[in-house]
Amino acid sequence: MKRLCEARAYSAKPVAACYWASTTDTPELANLTQDINTEIAIIGAGFTGLSAAHHLAKRGADVTVIEAEFPAFGATGRNGGFCCLGGAQAKNAQLDKRYGKVQRLAYRRSEVAAVGLVKTLLAELNLQADTHSSGETLLAHRASDCDSLKNSRAQIKEDYGVEALFHSKSELRQLGMQGPFHGALTIPIGFGLNPRKYAYGLLSSAVKNGGKVFVNSPVIDLKKAGETFRLTTPQGSITADRVIIATNAYAAEDLPDWMAGRFMPLHSSVIVTEPLTPKQIEAQGWSSAQMAYDTRQLLHYFRLMPNRQFLFGMRGGLFSTDRSEAAIQKLITRDFHTMFPAWKRVKIRHFWTGMVCMTRHQIPFIGAIPNLSGAYAGFGYHGNGVAMASYAGAVLSDLVIGGAPNFERPKLLGTQPPKFPLGRYRRHLLAPAYALKYLQDL
Numbered sequence: 001m002k003r004l005c006e007a008r009a010y011s012a013k014p015v016a017a018c019y020w021a022s023t024t025d026t027p028e029l030a031n032l033t034q035d036i037n038t039e040i041a042i043i044g045a046g047f048t049g050l051s052a053a054h055h056l057a058k059r060g061a062d063v064t065v066i067e068a069e070f071p072a073f074g075a076t077g078r079n080g081g082f083c084c085l086g087g088a089q090a091k092n093a094q095l096d097k098r099y100g101k102v103q104r105l106a107y108r109r110s111e112v113a114a115v116g117l118v119k120t121l122l123a124e125l126n127l128q129a130d131t132h133s134s135g136e137t138l139l140a141h142r143a144s145d146c147d148s149l150k151n152s153r154a155q156i157k158e159d160y161g162v163e164a165l166f167h168s169k170s171e172l173r174q175l176g177m178q179g180p181f182h183g184a185l186t187i188p189i190g191f192g193l194n195p196r197k198y199a200y201g202l203l204s205s206a207v208k209n210g211g212k213v214f215v216n217s218p219v220i221d222l223k224k225a226g227e228t229f230r231l232t233t234p235q236g237s238i239t240a241d242r243v244i245i246a247t248n249a250y251a252a253e254d255l256p257d258w259m260a261g262r263f264m265p266l267h268s269s270v271i272v273t274e275p276l277t278p279k280q281i282e283a284q285g286w287s288s289a290q291m292a293y294d295t296r297q298l299l300h301y302f303r304l305m306p307n308r309q310f311l312f313g314m315r316g317g318l319f320s321t322d323r324s325e326a327a328i329q330k331l332i333t334r335d336f337h338t339m340f341p342a343w344k345r346v347k348i349r350h351f352w353t354g355m356v357c358m359t360r361h362q363i364p365f366i367g368a369i370p371n372l373s374g375a376y377a378g379f380g381y382h383g384n385g386v387a388m389a390s391y392a393g394a395v396l397s398d399l400v401i402g403g404a405p406n407f408e409r410p411k412l413l414g415t416q417p418p419k420f421p422l423g424r425y426r427r428h429l430l431a432p433a434y435a436l437k438y439l440q441d442l
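Read in the working numbering, the sequence shown has 374 at position 374, and its numbers run on one by one without any break.
Keep in mind that the hints were calculated from the coordinates and are not lab data. Take these hints with a grain of salt, some might be off.
Said to hold, decoys possible - Think about it this way: if two alpha-carbon atoms lie no more than 20 Å apart in a straight line, the pair counts; the simulated PhoX-like pairs of lysine-lysine are:
id: 1; residue 1: 2; residue 2: 344
id: 2; residue 1: 101; residue 2: 411
id: 3; residue 1: 419; residue 2: 2
id: 4; residue 1: 223; residue 2: 197
id: 5; residue 1: 101; residue 2: 91
id: 6; residue 1: 58; residue 2: 119
id: 7; residue 1: 208; residue 2: 197
id: 8; residue 1: 91; residue 2: 150
id: 9; residue 1: 208; residue 2: 58
id: 10; residue 1: 169; residue 2: 150
id: 11; residue 1: 279; residue 2: 344
id: 12; residue 1: 279; residue 2: 347
id: 13; residue 1: 224; residue 2: 2
id: 14; residue 1: 58; residue 2: 212
id: 15; residue 1: 344; residue 2: 97
id: 16; residue 1: 197; residue 2: 119
id: 17; residue 1: 223; residue 2: 208
id: 18; residue 1: 330; residue 2: 13
id: 19; residue 1: 58; residue 2: 101
id: 20; residue 1: 344; residue 2: 91
id: 21; residue 1: 91; residue 2: 330
id: 22; residue 1: 91; residue 2: 157
Kindly produce the complete structure, drawing on both the sequences and the hints.
Rendered as structure tokens:
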């Protein structure tokens, strides 16, 4: 198994102090210690794999999920819990040029459908996932960003079919969103949640409907012989008719070889404070339950959770080493204190890091793997995977089963991601890109 990043990135170290682990128990599941047969094997027990398993098991398929660590180990169990629009980083002009306006609109409406799917699953499975927020609020960190926010409302209406609401700086104070912001735009789609509680609900449903899930069983080899696949783990193997690759940024370059160079792991970091008192909330002027993020290229994202603990995250970081992680922790703490100075004495109880996944064409891939009949993949959600990865799993369940689909898949989502240049050294491309984004954020 060939992986792109340092071994530390795939270990438990970056997620050792993850807040979500303190909110729910990790399901106790068995390792794979024998040779088994299954109709559909899914590699990865994150949102993509668990959503696919849930939908397939409900349709009576014989499905087996295999996970290298524990369920929701990767981005699924360590993200900020923003169930929101997104999934692609490509702008409308790029999408229109490559695929045409019709396909762009189809993709944008799939973003709405993805958020709706998560909301439906939470209700159908009766999951208590600490949801809050009425849509998402984008905050202008520069006065000059306010005009672009105002001007984007017509485009948001065309893309998503909703009216976005602009807030002036004075209105932000009244709304309990006081800070170094010059205005904001609220899009009334999306909500915050506890990602592990949601993911473990999907897992429970899959198992209840007959699905099998094995943990601590990394797939170290994947081969196709005739019409079947053989997935080899350290203590057992799976023979399957079809395979779904659902590993996103934690993927291996050679499972299968087609994955090599087609994804780029990007680092994201999160801190969570101790519960804030009413006096502390009043002092800072942030009492809103809105999930929010700013207009920076290297954005910050944050929300006051129902238990009054404050979650604050940011993009950035190139490598996973003790030294780089210490630097990121220092940086995120500095930015948090700069943006919310009244909370400088508030204790930060949790800090963790993880990887999100980018593709070179800046859109997710959800489809069949070329020249490997029976193999499918879903990845590349660009840091907005709660909704889109869930939707990808549902779409993949359609593709694997065949027949009339239950979920729409815009054609552009089946476009093969081109490879990044520089092969296994491609992460070095991020250094100049990050430097440029930093300058653009000034």
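These are the hints, each one checked on the structure:
no.	hint	verdict
1	2 - 344	violated (42 Å)
2	101 - 411	holds (12 Å)
3	419 - 2	holds (16 Å)
4	223 - 197	violated (34 Å)
5	101 - 91	holds (12 Å)
6	58 - 119	holds (18 Å)
7	208 - 197	holds (16 Å)
8	91 - 150	holds (17 Å)
9	208 - 58	holds (9 Å)
10	169 - 150	holds (13 Å)
11	279 - 344	holds (14 Å)
12	279 - 347	holds (15 Å)
13	224 - 2	holds (18 Å)
14	58 - 212	holds (13 Å)
15	344 - 97	violated (46 Å)
16	197 - 119	holds (13 Å)
17	223 - 208	violated (30 Å)
18	330 - 13	holds (17 Å)
19	58 - 101	violated (35 Å)
20	344 - 91	violated (36 Å)
21	91 - 330	violated (32 Å)
22	91 - 157	holds (16 Å)
Checked against the numbered hints given earlier, the structure breaks hints 1, 4, 15, 17, 19, 20, 21 and satisfies all the rest.
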